[in-house]
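Undergrad: Construct all of the structure, not just a fragment, from the sequences and the given hints.
Sequence order for the protein chains is Y and A. So for the first sequence, my numbering puts the first residue at 119; every next one is plus one. So for the second sequence, my numbering puts the first residue at 447; every next one is plus one.
Among the hints, a few may not be true.
Unchecked claim - One-sided excerpt, in silico: chain A residues whose CB lies under 8 Å from chain Y:
{"id": "1", "residue": "ASP499"}
{"id": "2", "residue": "ALA501"}
{"id": "3", "residue": "GLY528"}
{"id": "4", "residue": "TRP532"}
{"id": "5", "residue": "ASP630"}
{"id": "6", "residue": "ILE757"}
{"id": "7", "residue": "ALA760"}
{"id": "8", "residue": "THR763"}
Hint data in this document are derived by calculation from the structure and do not stem from the laboratory. Because the structure is a prediction, the values reported are computed rather than measured. No residue lacks a Cβ here, since even glycine has one placed at the ideal position from N, Cα and C.
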Amino acid sequence: MSRRQQTWSTTGIMTLMAVAGAAAAARADWLEFLGPRGSGVVPDAIRRTWSPTEGIAWKAELPGKGASSPIVVGDLVVVTASSGPRQDRLHIIAHDAATGERRWERIFWATGRTFCHPTSAVAAGTPASDGTRIVALFSSCDLFALDLDGRLLWQRNLAIEHPRAGNDVGMGTSPRIIDGTVVVQIDCQGDAFATGIDVATGADRWIVPRDKIASWSSPLPQPLPDGGAGVLLQNPNGLELRSVADGRLVWSWKGDCSGIPTTAAGDGRLYAPVDGIVAVKQSSVDPAWKQPKLSCGMASPVAFGDGLACINRAGVLVMADAADGGLRGQIRLAGSFWASPIVAGDVVVATGKEGKTFLVSTGADPAIVAENELPGTFTATPAVAGGSLYLRSESELWKIAAP
Amino acid sequence: MNRIASCCIASFLLASLLAIGGTSRAALAAEVGEPRAQAEFLALATAATPQADLAAAADRLAAIPAAAVIPALDAFAAATPGGANWLRSGLDRAASRLGGELAPAALAAFVADPTRPPRGRVLAFSWLQERAPDAAATLLDGLLDDPALDLRREAVERLLESAASQPDAAARDIHRQALAAARDVDQVERIVGWLAEHGDKLDVADVLGFVRQWRVSDAFDNAGGAGFAMSYPPESALPSLPDTTAWTPVASTDRQGAIDLNAAIVKKKGVLAYALAEVEMPVAGPAEVRIGSPCAVSVWVNGLPVMSHEIYHASDTIDQYVAAAEFRSGVNSVLVKCCQNEQTQPWAEDWKFQLRITDALGKPLATQPRPEQKR
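TA: This is how it looks when you write it as structure tokens:
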């Protein structure tokens, strides 16, 4: 094959992958942490009631521990885990979405640190997909890109490249794929940085230093004022919006943000967890309102239509109007919540650590409409695709059948 | 047929057989050699190696014949951390494709050979478990003293399982044997716990080899974390050791050998202190210094820097930070600088560290004279 033929061939393959990716993105997949564009919101109506013996499409055993959410890419459900006495075996597992059968599993060794608080896991970051590739980031700062057949395309051992990167509490951030760039946020007391990596090749597009302070929040896709692709990065010192193309800082906003939940976006505002919620206008980066009662614990807030929901450390779900922060209601849910709430159709889905999933109506007068329990410890945020709900416990992956 | 003709025919047949054999050997060599080259290329991967080339080599490795798998496993001997993952990605796919063609006997022989690379043996063991779980389990009986930590752990677990059906005295012997082999801290703790319940009380800190006798300095200022980078008198003349006659002797009574500086000096935030210990090493050479602390720490051995970590209140796990150092035979000094910050959360009050000196697998090496034996 001549060089020109080779070039055309490569270009053709990349074009096909891009087209396939766009087609996949158009499907009702759940491709990343908090689903479509990190919003946590899908229009799908989900089943109201289930139990271990009712309404379950399938259940799959997992080979290790994890707090990462499953993602749904076409007919695959992909989840990560870690195992071994040092939690240094990193698993990426793909299940058949229809049957739950394990299609493939890839196991790698951690190249960075694998210490972790017992409430978290080395597999805490949710993988992301552009429809043709899957990228998975572990607490060891190892980043892997695979195709949908489980073929390793590239890997980045970020703790080798940045020897003091990492957090012995465990890193919790999830990678994002935005406009062909994998954005990774490594916030820690050591070598802190954010980087944009070409999803096709694994090569750096940009890298910027970050404050040397720990955070567990994830990058959030956000449009730039000029309409370009941007990414919002959060740490306890505030927010910053950067260009995905080159990492350029577009604006920054100082505020005592929580280090764990990730800011939500919707209706022209950013909802930042700052002693409650501070709503920041995206157009001017000015505060629009503050609601101290919208306190976030570990879970990220979710913005849906005209509303906003948070779950505080006491397990109380607080709902408010997105326009002005006016409270709609507060509902005490049972248990503690590490998984972030999501919205499916007209209900907030809140999964507690102890296995209870509450469905709460999103209207003007929020109320619990259903409460379902599964065995196990649940710290992973649920996923929804095609009306099916996916719940991941420390040791199992459950598919709740579509209604 | 005369004798000459018979000899000619016999010679021809022998030559033909040799030729066939030679061709087979050449074919086999080519079959094995090419995959081995792919495996070595993957194993040596660095950040500078083109990722597309690595992915292509992993694809080729995934397609190798069964006979080439065991030689390819040897490539783990020179593998970089990232290279080990590339190598594994190709070999796991090959093993999955080959299924039963990958003979359990060949895998078992590779696993049983402690001179082969540990990661290759661990991987081969996982394939063996899938194909012949009974053979894999039996193999563990010979791996109690194995240099591959994961295999050693499995062997200790199997030994412990065998204790369940034994009378107390025999079970105690089995647990003591398991304790001698165990290197993982959780496994050691579990075994010591069992022995304690059965009347055999051991000191966990002794078993794990924590250095427990120190002399501790007064507190120095660490406001704003600035003290971490400052060279206070105890370290300003290093490698000459500080005079510690005015320092406070502290002997840890903590189950896991921790030195609590809040108790030893003063409960205060934004301060730092130094601690010096003398340890005996049986032979000269390299050993691992393993420290755990929720505070920022620096460590020197015989006055030479070993490691430095400016991290506050992320974890205090045993063996949190590990670094190699050169020791001499006999008495050596270990100096620790332990810095507390000004965080006010209740979980940020701890100002402590725990340190041990081990071989690469975690076997304690350093000893200290008992207090009454001190010079």
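Undergrad: All hints, please: hold or fail.
TA: Results for each hint:
no.	hint	in the structure
1	ASP499	violated (11 Å)
2	ALA501	holds (5 Å)
3	GLY528	holds (5 Å)
4	TRP532	holds (7 Å)
5	ASP630	holds (5 Å)
6	ILE757	holds (5 Å)
7	ALA760	holds (4 Å)
8	THR763	holds (5 Å)
Going through the hint list in order, the structure does not satisfy hint 1, though it satisfies all others.
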